[in-house]
Amino acid sequence: SQQGEEDPQALSIQEGENATMNCSYKTSINNLQWYRQNSGRGLVHLILIRSNEREKHSGRLRVTLDTSKKSSSLLITASRAADTASYFCATDKSGGSNYKLTFGKGTLLTVNP
Amino acid sequence: GAVVSQHPSRVICKSGTSVKIECRSLDFQATTMFWYRQFPKKSLMLMATSNEGSKATYEQGVEKDKFLINHASLTLSTLTVTSAHPEDSSFYICSARGLVDEQFFGPGTRLTVL
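Line by line, the protein sequences give chains R and W.
Under the numbering used here, think of the first position of the first sequence as 9, with each following residue one higher.
Under the numbering used here, think of the first position of the second sequence as 2, with each following residue one higher.
Note that these hints are calculated values from the structure, not bench results.
Keep in mind that the hints are not guaranteed to be accurate.
Claimed, not checked - Covered stretches of chain W, as calculated for chain R (at least 3 residues, CB under 8 Å):
1) 45–56
2) 90–100
Said to hold, decoys possible - Here are the simulated lysine-lysine pairs, BS3-like style, with alpha carbons at most 30 Å apart:
3) R:K101 / W:K15
4) W:K15 / R:K34
5) W:K42 / W:K15
6) W:K67 / W:K21
7) W:K67 / R:K101
Keep in mind that this is a model prediction, so the values were computed, not measured.
Cβ coordinates follow ideal geometry from the N, Cα and C atoms, glycine included.
In isolation and in its complexed conformation, chain W is listed as follows (with noise of 0.2 Å):
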């Protein structure tokens, strides 16, 4: 299948700074990529849906000034958590969808907030 990548792995910062996380597809472009959150032992929670040259959409819930999402490019969408605090803590991991249908996913950031 193809290869989507995530860059930090593990980070762990202090609260109240901003952490960015990118979300790149290797071998293929891709014009939507989608952000989740998946909290210990539970299901994936999709946070905000991006298109490449458009703003996100985020599902309800979700802050749009907490968790700013860029997709610049086919082939990279970043995730900014800004003024981290300890409940954003949580495990992200991106997708994104190919030209059939299947969505391919990135190994996860695991972010701790201090």
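Next up, chain R with everything else stripped away, as it sits in the complex (with noise of 0.2 Å):
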């Protein structure tokens, strides 16, 4: 089953809007963290929201995680044309020996001037 899936697949905004992001996933996590890329580019980590966290700030950004919905969304708010780029929510399972992120199809933002 897929873990970790954004909506929407893609969002297309007017500079200085705010834009939000949604992630789902499907089994207990211990943590889910965001990353951006740009086209070509590799990732850049965003936020790292731990399971028992349900709200973090990072400058624009806001993340809040529901475990009881295993649920997470983005905001950027005062977007800009910089912001455009890819968007993933990556999974970290709860359970198991073996760490690993598993990564959903990501949100293409684009951010109109």
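Need the complex rebuilt from these two chains, each delivered in its own frame; the hints are there to steer you.
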């Protein structure tokens, strides 16, 4: 089953608007991480939120986690053209001896100037 | 955040040759490194988990003899694509796990096999 599915798959907004991306997952997790990827580049770590946390902020980013609904959201406020990128959530499943992240399919965000 | 480097950033090779990609954690020691493959406009697919001083753990469907992984030190892991073929052309990304569960990614290597 797919762990970490982002919604929407693509989002196009105007500069200055807020962008909200959602991520759903299926199994219990230790933590959930959000990453940004510019086209053809590596991933940039944005925020890690643990299973016992509900909300976290970093600059213009706000991440929420609802473990009862197995979902997370990433809010980018006052978006800029430079925020244009793909955004992925990744989950670290709880239990088991092997740590590994499972990535969703990503949301392609386009911020129009 | 921590810095992970990859080398080379881009490589073009002929079919049948082997290609080695290096992944280094520059400012921290990484006991665990990961290798991913990414197809255009797709998500990352984990290929293998590499632990320093031990054999890599490969994901189902990934050929061990095709993709050789070595993690000789706490700051260096290498992926060798042996006898590369055009279908091996892809974007390969490594990552290293820090002390507090965050995972930091390298800039990726674009492999093109002619």
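Hint check results:
no., hint, in the structure
1, 45–56, "holds (count 3)"
2, 90–100, "holds (count 4)"
3, R:K101 / W:K15, "violated, 39 Å"
4, W:K15 / R:K34, "violated, 42 Å"
5, W:K42 / W:K15, "holds, 25 Å"
6, W:K67 / W:K21, "holds, 12 Å"
7, W:K67 / R:K101, "holds, 28 Å"
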